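Taken in sequence, the protein lines are chains A and B. Just so we're aligned: 92 in the working numbering is position 92 of the first sequence, and the numbers increase by one with no gaps anywhere. Just so we're aligned: 106 in the working numbering is position 106 of the second sequence, and the numbers increase by one with no gaps anywhere.
The set of hints was computed from the structure by calculation and includes no laboratory data. Here the structure is a predicted model, which means the values were calculated and not measured. Be aware that one or more of the hints could be misleading.
Said to hold, decoys possible - Derived pair list, reagent style DSS-like, types lysine-lysine, alpha-carbon separation capped at 27 Å: (1) B/61 x B/37; (2) B/123 x A/64; (3) A/64 x A/12; (4) B/18 x B/173; (5) B/94 x B/37; (6) B/40 x A/64; (7) A/27 x A/64; (8) A/95 x A/27; (9) A/64 x A/95; (10) A/49 x A/12; (11) A/99 x A/49; (12) A/64 x B/94; (13) A/64 x B/37; (14) B/18 x B/184; (15) B/94 x B/44; (16) A/112 x A/27; (17) A/64 x B/44; (18) B/123 x A/12.
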Amino acid sequence: MLILECPYCGVKAEETELAAGGEAHLKRFGPGSSDDEFHDYLFMRENPKGVHFERWRHANGCGKWFHAARCTMTLEVFGTYTAQTSVPTQEIQDKIAAKRPGWTWREFADGKK
Amino acid sequence: MSKAVSVLNGAQYTGIAKVEDAGLQGMITLRGDLGSKALKAAVKAATGAEVPAQGSVNVAKNGAVAWMSTDELLLLVPYEDAVAKTAEVAEALKGEHALAVNVSDARAFFRLSGEGAREVLGKVSPVDFDAAAFVPGQFRRSRLAQVAGAFWLNEDGSFYIVCFRSVGEYVFKLLSTAAHPQSKVGVY
Ligand SMILES: [Zn+2]
Numbered sequence: 001m002l003i004l005e006c007p008y009c010g011v012k013a014e015e016t017e018l019a020a021g022g023e024a025h026l027k028r029f030g031p032g033s034s035d036d037e038f039h040d041y042l043f044m045r046e047n048p049k050g051v052h053f054e055r056w057r058h059a060n061g062c063g064k065w066f067h068a069a070r071c072t073m074t075l076e077v078f079g080t081y082t083a084q085t086s087v088p089t090q091e092i093q094d095k096i097a098a099k100r101p102g103w104t105w106r107e108f109a110d111g112k113k
Numbered sequence: 001m002s003k004a005v006s007v008l009n010g011a012q013y014t015g016i017a018k019v020e021d022a023g024l025q026g027m028i029t030l031r032g033d034l035g036s037k038a039l040k041a042a043v044k045a046a047t048g049a050e051v052p053a054q055g056s057v058n059v060a061k062n063g064a065v066a067w068m069s070t071d072e073l074l075l076l077v078p079y080e081d082a083v084a085k086t087a088e089v090a091e092a093l094k095g096e097h098a099l100a101v102n103v104s105d106a107r108a109f110f111r112l113s114g115e116g117a118r119e120v121l122g123k124v125s126p127v128d129f130d131a132a133a134f135v136p137g138q139f140r141r142s143r144l145a146q147v148a149g150a151f152w153l154n155e156d157g158s159f160y161i162v163c164f165r166s167v168g169e170y171v172f173k174l175l176s177t178a179a180h181p182q183s184k185v186g187v188y
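Model the full structure from these sequences, guided by the hints.
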């Protein structure tokens, strides 16, 4: 069972109180973008075995969206963090680096700011 | 005007805990900046209670305030005062980025009491109801089996439960089933 702590209400919410919102930190390509960019924005998703960043909503709770970083292989949760950011916060990156030295995910990686 | 009645008009069930339709309850949803001076004053004036800390409820003599999220409170006031108090709160928050809505008739309100209260709620909600984990004054939004619901624990060991009125009958039957006299598990 997956348990994530909602950063807004501090509740340790169990999976059934949450709604999964897919991959985190997508950059939207809309009008004016190329066909390839729009295609990738719509369809291309990370499917890592290891460190992953996701969006979740505390649906049966405060109703807020937030971000979570976890390991898809062990289900270990590195932490949850605010939705008001378009990149993983330094704090969460540091937490991951402490447990998975050398981690990478899309353009983000251990030691890379 | 037609006579207002609560969702199950005072229905009760007694098993390992007592489930009661707690009757008509005035409820006002208030969204805004919980740190704002004007909002704090308006909440105090409407309910007699202070803005609660995260995840808790403050109960006063004739009202209560529950923490719903970082920008939302649920004000509990006498049913017959809800319309007037909603207008007062809205008036007091004029010019603020805030919204007060009377939701009394959109909600159902239940009381769950007795020895088995923690256990009954524990059967239908994914929340830790251990005496050390869930204490009086604590307020939690979660789910009651398949529907959204919120509840808090009173000093006397009873719970008040709030849900949408449209699922009020479902919640009453759900709690009653979970309170079946021969269904004691004995975890809490
Ligand atoms: Zn939350």
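- Item | Violated hints - listed by number, lowest first | Of the numbered hints given earlier, the structure breaks none, since each of them holds.
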